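Take any residue in the sequence shown, count from 1 to its spot, add 80: that is its number in the numbering used here.
Hint data in this document are derived by calculation from the structure and do not stem from the laboratory.
Just so it is clear, the structure is predicted and the values come from calculations on it, not from any experiment.
It cannot be assumed that every hint is accurate.
What the hints assert, rightly or not - For lysine-lysine, the following DSBU-like pairs were computed, each having C-alpha atoms within a straight-line distance of at most 35 Å:
(1) Lys278 to Lys210
(2) Lys293 to Lys210
(3) Lys293 to Lys375
(4) Lys278 to Lys264
(5) Lys283 to Lys264
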Amino acid sequence: MSRARAVPRRAFLGAPVALAFADLAGCATPPAPAAPSGPPPVPLTLTPLAGLVKAPGLTWMVEVAPRRALLDAGLLAALATVVPEARFQSFAKGHGGLDPRSLEELVVARYEGVTLTLARVPPGTMDPVKVHQGFERYARSIEARAIDVPNPSVVRMFGDGPREGERVQLVTFGREAVALEVGKFGPLRVAELYAQGKLRRAKPALESEPLAKVASLLGQGAELRFFAAGPFVGEWERALGGLLRASTGVGLSLSTVPGTEGHLRAVGVVVGDFDKAPEDAARTFGAALDVLFAKNALGRMLGLDAPVESVRTSTSPGALRVGAVFDGARIARGLHTALDAEISEIMNESR
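Working from the sequences, and respecting the hints, build out all of it.
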């Protein structure tokens, strides 16, 4: 099954999610599942997907709820400013019908030497067979295929990736979710065990410190959350006025504001050893945010210097927190100005 061929960089970057939706274009009505037979079903826990991400070795993680976020008409319009409908259609045409806006959940977790991507789809809209066929086209070679759970079918495939020396592994969880691992194998197997309820004593990343505290301070319900675990070294330790040097974890959330069109509530959290001089840490934090939001060209272009609700910072034991509300439409216009030329070049190259 070997295929020695070159794979464009864009195809590689789009593969983790595209594989999950390779069949959506022509599947308005998915085939009915087969009648139950064989071994009894194994309960799978697939929500939230972040609950399948192991803590040890995690560098950063992002979780997104695109489908829910785009229920906000203002945010949907803002997205169209950055990426017009024609470009989504062009992308879908070249990626087996994939429309990233239809995802229920997307989680990307980065470890040293490996990236784990998990995607959950609307119930019953994924055809695992076509996902497997897409993976076969994506991989340079397939070494093996295994049925890890017969009911519901949890199928694992692995082999060599598109790039020389790269390892790739795919797991489909029935008709509901798919995971892709690129690099050194490990996190995906742990995700499988979490889904099957076999790791009850081992807490996932967002239930383990320091990110458990970050997640608690950010709260639930945001359409996007980003987490990074310390220690922060090199250039990162000088970020935020040097606060990351004493930080064990950071987080950022973006959520839509009910009753508005496209307003986004942003919350940032830094946890660490700030208790000896909390007032000094708060002043440093505020000064760093002022530079980030108002005193650089990109911040002004995105409208971060003119929030809808003023930036507010606060302290709590071992943590610094900032919150503000921004105009999503203005952010979109700024992104359009900054990125449109690059996006146009990418789309033109794909024709």
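* Check each numbered hint against the structure and report the violated ones by number, ascending. => 2
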